[in-house]
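From first to last, the protein sequence lines stand for chains A and B. According to the numbering used here, the first sequence holds residues 1 to 310 in order. According to the numbering used here, the second sequence holds residues 1001 to 1310 in order.
Don't take every hint at face value.
If you want the footprint, here are the derived chain A segments under chain B, 3+ residues with CB under 8 angstroms [what the hints assert, rightly or not]:
| # | segment |
| --- | --- |
| 1 | 116-127 |
| 2 | 169-179 |
| 3 | 216-226 |
| 4 | 252-259 |
Please keep in mind that the hints were generated in silico from the structure rather than gathered at the bench. Source: prediction; values computed, not measured. We put the CB at the ideal spot given by N, CA and C, even for glycine.
Number of protein chains: 2
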Amino acid sequence: MTKKIFPSWIAVDWGTSNLRLWAMDDTANILGSAESPLGMNAIAGDPKLSFEAVLIDLIEDWLGADPAKLPVVICGMAGAKQGWIEAPYCDVPARPSDLAKGAVTPNVSDPRISVFILPGLCQRGDPDVMRGEETQLVGFMAQNPDFSGWVCLPGTHSKWAQVGDGMIKAFRTYMSGEVFALLSQQSILRHSVDDGWDNAAFADAVRTASEQPTAFLHSLFTVRAGALVAKGDASVAPGAAVLSGTVIGAEIADVLSRLAPGDDIALIGAGKLASLYQAALAVHNHKATPKDGAAITLAGLSRAYGVVTG
Amino acid sequence: MTKKIFPSWIAVDWGTSNLRLWAMDDTANILGSAESPLGMNAIAGDPKLSFEAVLIDLIEDWLGADPAKLPVVICGMAGAKQGWIEAPYCDVPARPSDLAKGAVTPNVSDPRISVFILPGLCQRGDPDVMRGEETQLVGFMAQNPDFSGWVCLPGTHSKWAQVGDGMIKAFRTYMSGEVFALLSQQSILRHSVDDGWDNAAFADAVRTASEQPTAFLHSLFTVRAGALVAKGDASVAPGAAVLSGTVIGAEIADVLSRLAPGDDIALIGAGKLASLYQAALAVHNHKATPKDGAAITLAGLSRAYGVVTG
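Pulled out of the complex, with its shape left as it was, chain A reads as follows (with noise of 0.2 angstroms):
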């Protein structure tokens, strides 16, 4: 039998392709958490499902007999236009304060609950757009509220943002993981990439391409013309370090480029992928050691609490 719990809110990542729940009291303890496969995609994708019936069926244990509604509150996929309502997007530059009163409600039928999804930022002059990430950086902030400079959170669609003046002040998105996964699994570098790994390759590729910025795409074919020009048992660098080496590398030379003097380097993340960028960025003598993101997207959603229910 589980201890009935009484959570004050709701914390609620809602991403594409999954989604994350806390229950949360009121001095930021986790009293239970929930996660599901059925992110925005899957509900979008199937009449029978709704955004409000897959939430209550997740915290429908967690629902007391309080008149009060308890508040969910949630960051993500969940207000993007293919979404549970759309919360249009922030322009940056944006404080964690306009994120969290650009929150829409969406009408709910069920009485014990109201909803606060939080809005994605925008970019208009250099276009460039993100869902779920800035509550990230607003968790960030609020642990570092002295930092200055570039805050990375490594994925798919890699993100870059620029912090400071307790200020998201400007990001980039680098398609680095969607590229890296194309091109290892479909291209003919997929004939090129192993299960080998050398750390060491990797750093120099990583070299390589900040030392020759605009060869990025004839550098991707040097992992596969390397093997096919090494002599009888030469060595030839793993592939997948290679390949990760340039692709990374193209990313953080372009980003280290933007630095201004003083500016400090922070990484979101966790697993192998933040690890490369650990190690990439080390490569250029910049520390950062990466920090748990879950963590960190869970303080993002209690300062956009304190501002929708305040």
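With chain A held as given, fit chain B onto it using these hints.
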């Protein structure tokens, strides 16, 4: 009833996915031609097929009772490791005669032909390889003996070769065609790419690629973000033009950074792709009129024929 022809030799361009051949007389006239989908991959994938049988089947009508063996000169993937017989790469710098002298002769069971398979080119310092394009370069050099500069051969993996002093000095392969295909058909950008086109948007993207040489992986994402960020009825540049200009522009920016004073640029190819390269070069004030690739291949094979049978 077709008129019986008696060629002096056969020219063959045997590629990965098809082959083309020509019946030639001794004064470079084309007496007949044939095409087949039986490229290297089809033959390597079917144990019932052999290179010799495929070839004889296509040229049977041209084989007379003349006791002298008919020379067949072949360039392309027939000389790859998975081809008819491996023709080891020639190293750059290479003269056309070096390539012709590197031809290998497979054993053939049919007494009526003698076969010469030309080698590809390889480059060891900055590893790179080509098979087939080197014969186009030889043909181009035969037609333009005083040319000094870079020759562009657009394609899935486009090649740029540095040519001068009667030699192919160096070359660079760019994965532009394959990267464009993967991104426009399989990445998130496929939602932003349709039949729409705009020459000015293409030229703008080419210019941006040159002005922001490190930004490639970010510029890709703006193809999508541009549409999401545009408000209301603001016109959005067609994704295909922006993506194509970003990819081809990145390639050309890299080549132009390597140009020495006085270097010319030549473009070999036909159709839409060659026109795009021509337009991208025009953005940088380089005039290059596409030259027909098939005629140049034939000129290169003719040059090799003169050497191997000389």
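How the hints compare with the structure:
no. : hint    : result
1   : 116-127 : holds (count 5)
2   : 169-179 : holds (count 7)
3   : 216-226 : holds (count 8)
4   : 252-259 : holds (count 3)
In summary, the structure agrees with every hint in the numbered list given earlier.
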